[in-house]
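**Q** As a plain string of letters, each chain reads:
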Amino acid sequence: MGYLSKILNLVWKDLVIEFRAKEILSVMLIFAILVPIILAFSLNSAQETTENIFPGIIWVALTFSGILGFNRTFLNEKQNDSLLGLMLTPVDRTAIYFAKVIVNFTMMIFTEAVTLPLLFILFDFRFRGSILTLVLVIFLGTLGFTSVSTFLSALSANTRASEILLPIILFPIIIPVIIAAVQSTGIVLVGASIGEIASWIKLLGVYDVIFMAVPFILFEYILEV
Amino acid sequence: MSKKLKGHTFLGWLTFAMIIFALYMALVHAPVERVMGVVQKIFYFHVASAWNAFFAFFVVFVASIIFLKTRNRKWDIIAKVSAEIGVVFTTIVLVSGPIWARSAWNRWWVWEPRLTTTLILWFIYLAYILIRSASIEEDKKGVLAAAFGIIGFLDVPVVFFAIRWWGSLYHPEVVKGSGGGLHPAMFQALIACVVAFTFLYFYFLQKGIFIELSRLRIEKIKEELRAEN
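Just so you know, the protein sequences line up as chains A and B, in that order.
Our numbering applies: residue 1 is where the first sequence begins, and numbers increase by one.
Our numbering applies: residue 1 is where the second sequence begins, and numbers increase by one.
These aren't lab readings, by the way, just hints derived from the structure by calculation.
Honestly, I wouldn't trust all of these hints.
What the simulated footprint calls covered on chain B by chain A, stretch by stretch (three residues with Cβ under 8 Å from a Cβ of chain A suffice, anywhere in the stretch; the number is not a length) [as the list claims (entries may be wrong)]:
no. : region
1   : 130 to 139
2   : 145 to 151
Sample of chain A residues at the chain B side, in silico, Cβ under 8 Å [unchecked claim]:
no. : residue
3   : LEU4
4   : ALA180
5   : ILE201
6   : LEU203
It should be emphasised that the depicted structure is a prediction, and the values quoted were computed from it without experimental measurement.
Every residue gets a Cβ at the ideal spot worked out from N, C-alpha and C, and that includes glycine.
Hey, can you work out the whole structure from these sequences and the hints?
**A** Structure, rendered in structure tokens:
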């Protein structure tokens, strides 16, 4: 079996489990709607201000629900010691990391596909930009967020209070993603061209590359112990 | 052991003398700034603390890499102690900054790249300390903290650029600035402070390592006693 098919096997395993249990995705979906509702009440969002805060609302909702879901990525594997089983499989450790990233990324994309249209309706936001650019921004933002989160959730799964620890170690690290994603989403939503967000796209790209490459090197150390 | 402690005392007194000298340079030798007045004196300690903090976190980064490669416990201890010292100095930066800013900019806080990056830096290394204090086995702890120490340090420049593009407004470019710049006496005072604070860092590092090693020894003695009984 090649490296890629090993990864796909691991991905398939996790997706089947999630499809049958529907444990994480349902929570992520509900939470991604619930957070904007809370924000709508607390920010007293009148129609004029919505335009300014809407990108922020989107990304706060997505990161919060993402963290909620990613907490389980490795905790679920700890039950019945299945993480040990996973480590004994004849695959490179990095394959486990990439498989988990793909699983989490798929779940995030699914959450986004369901909640984003709902948010547009809920906040009565008139979309004037290009869908393709928005998809690119969300793709890059989600990728950066997911790759770091997956790595840090593996790290925090080693501790007893991992659910409490993950948000605290994750949020300072993902601040560049949040800034770049919110800024570029804001520009895209009001219908600017891709040229205006070029520097943000570049930043997201650089972040994605760094935080895919570094966990790729370090993941082995996290799992071995 | 007593020979080692003598080294500590020597470095301690040296640091003490350096700090006194730095205080003289900053408070007496350097002239009072014309516009900002006495408050400007904070600048010397503010910059020196910031230098120390960044230096300490750099040491964490390097020590973490070496620890992952060699698995020598010494590097783990250095990283741990250095992170703690770095957080202390970052706290000093974050406290002294607003005091100065209040009189210079008439605002406690502005969301300016360097300030905001320092704040995020503080949070990153608080997280690092939290990983250290989480309930994990001792051997695992070093590896996890080292991994986070590397990730955290690499994140800092990205954070800085992100925040800079996000909106840059304030912060005097004192040293780099072409026209204005610093009065020579002020510059000397700044150098004296930075050097003295660097000595302070190494003094703290030495003490911290000593405490950690003592703790390990006590653990070992305890285990031996338990085995005997």
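**Q** Checking each numbered hint in turn, tell me which of them this model violates, lowest number first.
**A** As far as the earlier hints go, 3, 5 are violated by this structure, in ascending order.
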